[in-house]
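S.K.: The chain contents come next:
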Amino acid sequence: NAGVTQTPKFQVLKTGQSMTLQCAQDMNHNSMYWYRQDPGMGLRLIYYSASEGTTDKGEVPNGYNVSRLNKREFSLRLESAAPSQTSVYFCASSGGHDSNQPQHFGDGTRLSIL
Amino acid sequence: AQSVTQLGSHVSVSEGALVLLRCNYSSSVPPYLFWYVQYPNQGLQLLLKYTTGATLVKGINGFEAEFKKSETSFHLTKPSAHMSDAAEYFCAVSDKGGRRALTFGSGTRLQVQP
Numbered sequence: 001n002a003g004v005t006q007t008p009k010f011q012v013l014k015t016g017q018s019m020t021l022q023c024a025q026d027m028n029h030n031s032m033y034w035y036r037q038d039p040g041m042g043l044r045l046i047y048y049s050a051s052e053g054t055t056d057k058g059e060v061p062n063g064y065n066v067s068r069l070n071k072r073e074f075s076l077r078l079e080s081a082a083p084s085q086t087s088v089y090f091c092a093s094s095g096g097h098d099s100n101q102p103q104h105f106g107d108g109t110r111l112s113i114l
Numbered sequence: 115a116q117s118v119t120q121l122g123s124h125v126s127v128s129e130g131a132l133v134l135l136r137c138n139y140s141s142s143v144p145p146y147l148f149w150y151v152q153y154p155n156q157g158l159q160l161l162l163k164y165t166t167g168a169t170l171v172k173g174i175n176g177f178e179a180e181f182k183k184s185e186t187s188f189h190l191t192k193p194s195a196h197m198s199d200a201a202e203y204f205c206a207v208s209d210k211g212g213r214r215a216l217t218f219g220s221g222t223r224l225q226v227q228p
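In order, the protein sequences belong to chains A and B.
So in the numbering used here the end of the first sequence lands on 114, straight run, no missing numbers.
So in the numbering used here the end of the second sequence lands on 228, straight run, no missing numbers.
Possibly wrong hints are sitting among the right ones.
What the hints assert, rightly or not - Simulated crosslink set (DMTMM-like; lysine to aspartate or glutamate; CA at most 25 Å straight-line):
1) A:Lys-57 x A:Asp-38
2) A:Lys-57 x B:Asp-209
3) B:Lys-163 x A:Glu-79
Keep in mind the hints are simulated off the structure, nothing from the lab.
Next up, chain A with everything else stripped away, as it sits in the complex (with noise of 0.2 Å):
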């Protein structure tokens, strides 16, 4: 059981440099979602997408951009890395169309910028 993929698990960037975090789901769920887990902080969302085709922003989307590739896929780009962005990066998907469904989460990114 898949459940959550993200890729990769670890990487280290210089400050500027670009990349983009992979994420994919094989539970067929609808809605799609990438936190950002900083210490003392819990987890706060940069995007959401709730269905295939649309994405929203969260509560801290500077420096950040989505794409829901498909119905199983989302990705994370960080265009100009910066070293605030720092963090590690946690995927979620959640089925049905209401907000008492629980999400499922990956094993997260753990994202360096020097």
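Assemble chain B onto chain A, guided by the hints.
M.R.: Chain B only, in chain A's frame:
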């Protein structure tokens, strides 16, 4: 906007002792409520959720939580701590009828002493 407060960023208990992790939410309209657990270098796993109905909710690994509308609380308890319960715990909410993304508390790290 919703907010979630978890009192105590670190809680330490002895093995076999009661575990009590506190969570309060800010909304005047009770949201959907969730507790997640995160083990080191892993993603978040759902422990339990409250949507409607019985206010005492049982989850996995012997945990339970009680929704108290009058106190806007959803505290997590376990009668007897086990070493394997050492992890970080997150309380989260989502708005009924709103977007499906979660708002998280800042997390509580539970240590279990032998």
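S.K.: Compare the structure with each hint and give your call.
M.R.: Status of each hint after checking the structure:
no. : hint                 : result
1   : A:Lys-57 x A:Asp-38  : holds, 19 Å
2   : A:Lys-57 x B:Asp-209 : holds, 16 Å
3   : B:Lys-163 x A:Glu-79 : violated, 37 Å
In this structure, the one hint that does not hold is number 3.
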